[in-house]
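2 protein chains.
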Amino acid sequence: MFQRLPSITEALQALTALCPPIQRIESLPLVDSPGRVLSSDITSQANLPDFNRAAMDGYAVRSQDTRGVSTQAPVYLDQGESALPIRTGLEVPEGFDAVVMLEDTVVRGREVEVMAEVHKGRNVSPVGEDVKVGDVILKEGHRLRPPDIALLAALGIKEVQVYVKPKVAIIPTGGELVPRGSRPLKPSEVYETNGLMTELYARIWGCEPRLLGVVPDDPDKIVEAVKSSLDADMVVIIGGTSVGEKDYAPRVVGSMGKLLIHGIRMAPGKPTTMGSIRDKPVICLPGYPVATFTALYLLVRPGLKRMAHLPEAITSVRANLARKIPSRPGYVSLSRVALVREEAMPIMTSGSGILSSIARADGFVIVPEGLEGFEPGEIVDVMMIE
Amino acid sequence: MFQRLPSITEALQALTALCPPIQRIESLPLVDSPGRVLSSDITSQANLPDFNRAAMDGYAVRSQDTRGVSTQAPVYLDQGESALPIRTGLEVPEGFDAVVMLEDTVVRGREVEVMAEVHKGRNVSPVGEDVKVGDVILKEGHRLRPPDIALLAALGIKEVQVYVKPKVAIIPTGGELVPRGSRPLKPSEVYETNGLMTELYARIWGCEPRLLGVVPDDPDKIVEAVKSSLDADMVVIIGGTSVGEKDYAPRVVGSMGKLLIHGIRMAPGKPTTMGSIRDKPVICLPGYPVATFTALYLLVRPGLKRMAHLPEAITSVRANLARKIPSRPGYVSLSRVALVREEAMPIMTSGSGILSSIARADGFVIVPEGLEGFEPGEIVDVMMIE
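Protein chains in written order, with our numbering: chain C, 1 to 386; chain V, 1001 to 1386.
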């Protein structure tokens, strides 16, 4: 039985050691790179702008020609000679060093009446004002956002080197499972859905999931499925993680590699198991859907995010708790809540088999292991369900 | 010139009227539906579980057989007759109404010694405990998350009806623009990047962008591009929005439909223009990249999110301001900030042409039009750049 169970903190420490950030890299065209993480610094090979650029519509001039000039004392400059019409964004030609705004000029035949003094560089973006050759514009580890990508494009960069997405193999196990939607259910059967949930979350969390077909409660078949999955960066086995006769997953992990943790002080999700096979992390999730969800969020997510070089923070809102959240002392527990008129309303449900309790929730509250729950009126952090 | 400019609030009101939530719908397989928004309530046609399900490993029994039973006073039940071995998740057969946990039993030959009283329904998830036939499980407008999709799959649902993504046509204009990466630049030329940034953001914001090729500063060509884009739900024209001779975009909108707003009291992004053509919203963004970015976030984003039935809230963090943010009174302004040791550090830059100022920023602070800025030490909301 689950003796001297480790805490979630201990489990995370063990997991962290097994989930180093992925070092494999790939090249991607810019348009496919949003959300991806740079595998090296990007140093600019170009200036931006790479010419002296007019920042206003008006006339390019030599600043010394406008010295002391004002509306009372304008200067008349020869158009095309000492005052060149120019538009925002165009090159200020060699020999000119400032732009007089259109509003400060009047055209008088071949001459331009200039009514304002402009200093050297006025209304001109000089070469390299935005980025200079040799500038480190984005650093290794930076997650690319659209304006970053626009900047790279502006510098003539076409591809970026990014870390590859961690590959996650997902193995749903259980004799009661039927591939979803394949045929009507008989008694004692259910559709496979935990693997689907894991697959969809792995994608949202920046990974590349591979969902295997349903594997029956047969240790040989589970071994086979795990063997075929060891090219992945993480293996997730779902179901059969407890201590019953047919709970083969922990024994398979132990036989193929090292069983590190069998059972964690978290609720739901206590039977969650963890080990390593050929240095690959293998996590066994319990088959009850709320337990799967809890173990996904509290354990799999930090592991995957770490491998993917992505931040772990979950978007949260602070809210008043509308009702008591009870919790088992010594266990970290995850309580589903709905946000109702900005209050956090715990969703009362009997067990971790109730999938609809997550569908009805906007987020969840984590009760630390040292507490017996939260009281109504307490301010809690509600982690929003992605 | 920009006279009596409307505020961003007025601009948003006008935009809201032009951006009703999309009513077109489509059917999607579950696996493609994360992040999509349901176009109608989903009512369950099935019970979950659809059989009385054992919630523990143990023996299915008739509860009355265990009345008064304890470790001191066990009862001996005939195995296979009045005590059926059962595993978690399997069907509790007709005629049995409770499950005794394995821990409370000992096998004695053909008999099972039961050492605990179980009441009717104990350790059994009855038919429909999770979801009953006729339950509304998810409502119109709900954004699908992995556990919602798992629940639908558990109920045997294979496809969902969702709102289609709003289509956005993006028209970059400007004689200085060169398709990105196509060839080296000549003086006065720049690569087209604002259209790319808009395309990538439209995708992140739940829309389907279509980026057109670069259109020169020629009103006829702009008209042509707009005409070919009127199948979209929103048209975004970039560049040529100001009041110069070659700023054709506002005039094109006026000639083809209704020019509603030309210039907004926001900084950067003042020349942003808005109108409608055949009831479609047409937004003209200024060509300076920081102005494009500002108008995208403050105007295009709320419009697109509204059309896409998605929430508008931007993830934000509260931070101490490290330095003063100056701002033009009467204008809403957007100031880029980097988060440095949990403080918000404004990025000092001369103008809205400096694309690298966004790449260096983690987020932005919005200064309301009534303020002249924020002082160092003030607590500000930093909107994180997606």
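Hints listed in this document are in silico derivations from the structure and should not be mistaken for laboratory results.
Do not take every clue at face value.
Only pairs whose alpha carbons sit at most 25 Å apart, straight line, appear in this in silico BS3-like list of lysine-lysine [as the list claims (entries may be wrong)]:
id	chain 1	residue 1	chain 2	residue 2
1	C	Lys186	V	Lys1132
2	C	Lys186	V	Lys1305
3	V	Lys1305	V	Lys1227
4	C	Lys158	V	Lys1132
5	C	Lys120	C	Lys132
6	C	Lys139	C	Lys227
7	C	Lys132	V	Lys1186
Between the alpha carbons of C:Lys120 and C:Lys132, is the straight-line distance 25 Å or under? holds (20 Å)
Hint check: C:Lys132 vs V:Lys1186, CA-CA at most 25 Å. Holds or violated? Distance of about 18 Å is within 25 Å: holds.
Checking one constraint from the list: CA of C:Lys158 to CA of V:Lys1132, max 25 Å. Satisfied? violated (54 Å)
Check the hint pairing C:Lys186 with V:Lys1132 against an upper bound of 25 Å on the C-alpha distance. holds (18 Å)
For the pair supplied as a hint, C:Lys139 and C:Lys227, confirm whether the alpha-carbon distance does not exceed 25 Å. violated (37 Å)
Given the hint that V:Lys1305 pairs with V:Lys1227, does the C-alpha gap stay at or below 25 Å? holds (24 Å)
Please verify whether C:Lys186 and V:Lys1305 have alpha carbons no more than 25 Å apart. Between C:Lys186 and V:Lys1305 the Cα gap is close to 43 Å, so the pair fails against 25 Å, i.e. violated.
Hint violations for this structure: numbers 2, 4 and 6, all remaining hints satisfied.
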